[in-house]
Amino acid sequence: MRRKKIPHPKPGKMAARIVRTAKQGNAVAEVENIVVETAEKIFADLANAQTINHDTKGSWKAPLWQALTEAGLPLSWVPEACGGSGASLAEGFGVLGAAGRFAIAVPLAETMLAGWLLSQANIASPEGMMTVAPCGPKDRITLGTDGTLSGRTRGVPFATDAKHIAVLAQGSGGLSVALVEASACRIEHGFNLGGDGNDTVTFSNLQPIAIKPAPKSFDHTTLLLMGGVARSLQIAGALETLLDISVRYSNERVAFEKKISKFQAVQHNLAKLAGESAAALAAATSAADTIANFKTFDDAVFLEAASAKIRASEAAEKGAAIAHQVHGAIGFTLEHILHRYSLRALAWRDDFGSESYWAVELGKMVAARGADELWPLVASR
Amino acid sequence: MTAALRFDPIRLPPECEKLRKEVRAFLADEIAAGTFDPHKPNREDSDAPEFSRRVGERGWLGMTWPKKYGGHERTFLERYVVTEEMRVANAPTRRFFVADRQSGPVLLKYAPERIKLDILPRICRGEVCFAIGMSEPNSGSDLFAAKTKATKTDGGWLINGTKIWTSSAHIADYMIAIFRTSPSTKENRRHGLTQFLVDMKTPGIKVNPIGQITGQFEFNEVVFTDAFMPDDHVLGEIDGAWKQATSELAYERSGPERFLETYYVLTELVRAVGKDPDTRSAEGIGRLVAQLHTMRRMSVSVAGMLQAGKEPVVEASIVKDIGTIWEQQLPHRVRDLAAFVDADASNHATLEEQLAFAMKTAPKLTIQGGTTEVLRGIIARGLGLR
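Residue numbers (our numbering), protein chains in the order written: chain A, 1 to 381; chain B, 1 to 386.
Read the hints as simulated data drawn from the structure, not as lab findings.
A portion of the hints provided could be inaccurate.
[To be verified] Below, in silico cross-link-like pairs of lysine-lysine (DSS-like), each with a Cα-Cα straight-line distance of 27 Å or less:
1) 318(A) x 364(B)
2) 163(A) x 57(A)
3) 21(B) x 67(B)
4) 258(A) x 186(B)
5) 67(B) x 295(A)
6) 259(A) x 186(B)
7) 149(B) x 109(B)
8) 243(B) x 147(B)
9) 109(B) x 67(B)
10) 138(A) x 275(B)
[Unchecked claim] Take a look, some chain A residues computed to stay more than 10 Å from chain B by CB distance:
11) 45
12) 59
13) 138
14) 139
15) 144
16) 301
Where is the CB? At the ideal position from N, CA and C, for every residue including glycine.
Please model the entire structure based on the sequences and the hints provided.
Right under this line is the structure:
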């Protein structure tokens, strides 16, 4: 069923309103403004979990994307000069938290990241769905002396759905940002745990549509950490919903002649889920706030971003398990919406470096700084 | 929707960093002067009256209280910085910690002016030690089962009964305790308890030390036999202690002491693995650091919300729940990760010694100041399950 369209502000207009509503340097959680509200309204109207779950043909996707596009959300992080809506990083992070709460299964986060990456090199963003590559710490795409791209990257989300891919490529003279047409790449379609596209993309002497040098301070770690923080926010959002629907279910379901929410064992499990949800939320919003406000990319930024991915991923494992335990068999069915959140929260752990990868990197950094520099680093945040 | 949990990304304001430097410099001087050894958390005697006075002289006690009572009218976030730096350095805070965190604020709220003017400035000078008289032999988590009785007499009350597990009672000048002034009622089983200020020098109070599995003697049994409490030592409403107990808990439950109690073993592990750890050690340390950082950000967030006048009761309980479980598990995780550390590492003996002490300390961390079970009950209530 196609709902009556809500009048969303056009990209340019929205940007103008953003300037008036959000002060620079605001904490992420305080930016509960028009941008996040707009996103939530669209998600609530066009991405209702029950509706989506029963729609095997995916006919909800096009209207949802259309509405998101009209509101300027996929290009939130692209300046107006590059064709975007010029929202702040903090506002965009707020949108990603909301996307997590609704377990949004269109490449909104990916298009936002792609637009952000392209803007780093002043490349204008095209319309339509995009994704980014590489998304894993081991994958590299190389830029040949002839100006073409080569390489193979795994685990690229929604590459099959995307019209364009924003690429970070390694050339002999340094890193470049490139825009390529997805149809020009070889894409092996795959799926993540949540059933969303998770593809292997091969570039064979591919001519990009646009290519420019990346800024000096920009490298693969920057891209992975930005993607990692995006995923942390989505995981935290999904956990908020997992908590919400688990609490509600426990207050409805009766067993042994009382609501299961009255059993202490169930209460304590839900309290643990609340703790995991809280930890993911705190770590992710703290990292997002850091990235939205940082001046130089130092160890403290690394600590924040890596910790967010590690802790949110750990929370996903513990939290999803409890949510399923509370729901019992019904939560294990395709029919129930629980899996939309639980499986995506688990799937998102793998993108832009898993928690194991970031833990090793963070551990190495801490060891290299030395024992007596650990507390000063933690206390600096 | 379930009421959303909030952990705003609150940062410590710039004045905190200046203060942090001052605290670190002070502690470095104290360590250099031999007041305490930061590598030895298992001190026989953690009472340090002179150190306590010097902390008071620096203006780091009663930091948030009105100047009229000797306080300094600074923020909770500034107090937070002092607390965490002391904790990480393993400074001997026993003498003043409870008074500064908990007892002082209770007096501020409920004590008569004369008592406030008498005692609060002395807390601020680091001169007095407080104990908390809650648990009894048959009443621990179930606070409202307390039986120690206060019987009305001329000009005051006579106390009879026993408090137990009372930390620092052996060195305390005062105790804030709850006593039964009336039986509970059918309608409200929490009714009938009254909060009192107890002068520990009062005749009729006997303190018996209790040995702990760590080898320390920090907690005690306190026996009251016709101990007289004057009327003006009643704190707040007679029979209404239950109304007073809850709002302060957010302060008590979410501070840095709720996840940093065994922190020293993590520092020592990092020292032991050296600058170039293997993958296993690196991953283990990375996860622990990510968890620690997250916990601290949650704790600072609650402190900031308290400063802003909010009442994040559920959030504070979550911090204590996951914080105490983390600090409890920490020595065991560190032990795992240290399994392949070179036994000739320069700090190996220190690490072993610390691990032994931390593993013995660990069981109490999820019991004191509200058990895990009690906390989860509070969280469950906040979620709308009870």
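Hint check results:
no. : hint            : result
1   : 318(A) x 364(B) : holds (24 Å)
2   : 163(A) x 57(A)  : holds (20 Å)
3   : 21(B) x 67(B)   : holds (24 Å)
4   : 258(A) x 186(B) : holds (24 Å)
5   : 67(B) x 295(A)  : violated (38 Å)
6   : 259(A) x 186(B) : holds (25 Å)
7   : 149(B) x 109(B) : holds (24 Å)
8   : 243(B) x 147(B) : holds (18 Å)
9   : 109(B) x 67(B)  : holds (15 Å)
10  : 138(A) x 275(B) : holds (24 Å)
11  : 45              : holds (17 Å)
12  : 59              : holds (27 Å)
13  : 138             : holds (15 Å)
14  : 139             : holds (20 Å)
15  : 144             : holds (33 Å)
16  : 301             : holds (12 Å)
Consistency note: the structure conflicts with earlier hint 5 alone.
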